[in-house]
Structures are given as structure tokens and as C-alpha cells.
Amino acid sequence: MKKILFILLFPIVLIADEFQYSLQDYNSTSPTYGLDVWNPQYEGYITMHYFSSQG
Amino acid sequence: MSNFQDELRNDYDYENVVIIAIGQTNISSFNSNFCANSDLPLVMDQYPSLPIREQFSPYGLHKQLVILDYDGNHIGDTFVNSISATKSYVLGLLEEHYEQAVPGDVNSDTLVNVQDIILVVGMILNAEYNDSADLNSDGIINVLDVVQVVNIILN
Numbered sequence: 001m002k003k004i005l006f007i008l009l010f011p012i013v014l015i016a017d018e019f020q021y022s023l024q025d026y027n028s029t030s031p032t033y034g035l036d037v038w039n040p041q042y043e044g045y046i047t048m049h050y051f052s053s054q055g
Numbered sequence: 056m057s058n059f060q061d062e063l064r065n066d067y068d069y070e071n072v073v074i075i076a077i078g079q080t081n082i083s084s085f086n087s088n089f090c091a092n093s094d095l096p097l098v099m100d101q102y103p104s105l106p107i108r109e110q111f112s113p114y115g116l117h118k119q120l121v122i123l124d125y126d127g128n129h130i131g132d133t134f135v136n137s138i139s140a141t142k143s144y145v146l147g148l149l150e151e152h153y154e155q156a157v158p159g160d161v162n163s164d165t166l167v168n169v170q171d172i173i174l175v176v177g178m179i180l181n182a183e184y185n186d187s188a189d190l191n192s193d194g195i196i197n198v199l200d201v202v203q204v205v206n207i208i209l210n
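So the protein lines, in turn, are chains B and W. Numbering follows the numbering used here, with no gaps: position 53 of the first sequence is 53. Numbering follows the numbering used here, with no gaps: position 62 of the second sequence is 117.
If you are wondering where the hints come from, they were derived from the structure by calculation, not from laboratory data. Keep in mind that a hint or two might mislead.
Restraint ranges, calculated between C-beta atoms of paired labels, are given here [as the list claims (entries may be wrong)]:
#	chain 1	residue 1	chain 2	residue 2	range
1	B	Thr29	W	Leu166	28 to 38 Å
2	B	Ser28	W	Asn168	35 to 45 Å
3	W	Asn88	B	Gln24	33 to 43 Å
4	B	Asn39	W	Arg64	14 to 24 Å
5	W	Ser143	B	Gln24	27 to 37 Å
Ideal Cβ placement from N, Cα and C applies to all residues, glycine included.
So that you can see chain B by itself, here it is in the shape it has in the complex (with noise of 0.2 Å):
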């Protein structure tokens, strides 16, 4: 049974840390300026990711 729930959840347990990151806040003006995001800091939020590779 335990082998089954295994299978069963592995892949979601995969499926949700996809897009799972924990790097420093390099913003100073920020409140959490040094502190690792969105992992710990922001956990238990909706997150939005802007990306930009202009500047």
C-alpha cells in the first residue's frame, strides 16, 4: 500500500518543485534585500516572475 501511494504522489511531489528557486534578493531597496526568495521568504504566496534580458 505504502509502495502505491509512493507512485502515486512521487510524480506530483515533482510536478509542484518544478519551478521551486531559493536565490538572494539583490534588490536594496527591497524588504527582504539579502534574504534567499522566493524560497524560504516568500513560501505560502502566489508568486509572479517577471522576466527581463533587456535593460
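Take the given structure of chain B and dock chain W to it, following the hints.
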């Protein structure tokens, strides 16, 4: 984007929502411009491998906003070409997915119990900060927040 986050929190009461900017280590102008005009968190994608963009693929293109739920699951994405269109899109998503936070529920399990106290104490000891643990909204987590969680449990 900073104004948009303030609007979400202050005008729509979406407190547990954060916009994180993802720059690139090889583009300092974006990072300096962003930091000068914003209080949003900024993380740096390491050039040339760009591991965050690789992780978010096929999302993570220039000017793309990727929205994830509490468990890190993709719930939407849009290109920020028009602020009003982006606002409208994000507000629709939040209306569908946002769960109003329970005061004192630091671990977001919808219950307030001793586990939340342990988390708040842990944050005090490790000098960490989390909005959900800052019960009195004074910008710091200390014994006053622990007392408030205890009071919520007792009442």
C-alpha cells in the same frame, strides 16, 4: 510593477502575493534601473547558463510574467506589454486562485496551532522575516508576534 504589487496588496487585499524580478548577471543596466525604482525582490540568473530560465522553460522569455500558485504550480503567464491588460489578467487569476490568509497561520495549512508558534520562534532565532509571521505589522518579528499567535489559539 512595484506600484502594481502595492495596488494588489492595498486596494485588493491580496497580501500574500509577490512579484519577483529575474534579471541576468550580464545585464547590469536592467538590474540597476529596476533596483532604483522598485522595492520588489530581484534575483539574478547566472549568465551564460541561465539556470532559472532553463528551469522555467518554455516560459521565462523577455517581458514574460509567470504566475505560480502556493505550491509552485504554473497557473498562468502573460507578456507585460500593456500594464492594464496585465492587471486585468492577473486579477482574474487571483480571483480564482487566491486564498485569504488566516491571521497567525504562518505555515499556510489553514490552522493556527503550536506549529505556527514554532515557526515564528524559529524566525526570531534566525533573524528571518515573513509577512505572515509579522502579526502586528511592525516590520519585525519578535516576541509580540508570538504573543499574538498564542492569543489567536487561546481565543
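Ser28 of chain B versus Asn168 of chain W beta-carbon gap, inside 35 to 45 Å or not:
37 Å Cβ-Cβ, so the 35 to 45 Å window holds.
Range first: 14 to 24 Å. Now tell me if the beta carbons of Asn39 of chain B and Arg64 of chain W are that far apart.
For Asn39 of chain B and Arg64 of chain W the Cβ distance comes to about 20 Å; the hint holds.
Indicate whether the distance between the beta carbons of Ser143 of chain W and Gln24 of chain B respects the range 27 to 37 Å.
Given range 27 to 37 Å: holds, Cβ gap about 33 Å.
How does the Cβ-Cβ distance of Asn88 of chain W and Gln24 of chain B compare with 33 to 43 Å: does it lie in that range?
Between Asn88 of chain W and Gln24 of chain B, where Cβ atoms are some 19 Å apart, the hint is violated.
Confirm or reject the claim that Thr29 of chain B and Leu166 of chain W have a C-beta distance inside 28 to 38 Å.
holds (35 Å)
Checked against the numbered hints listed earlier, the structure breaks hint 3 alone; every other hint is satisfied.
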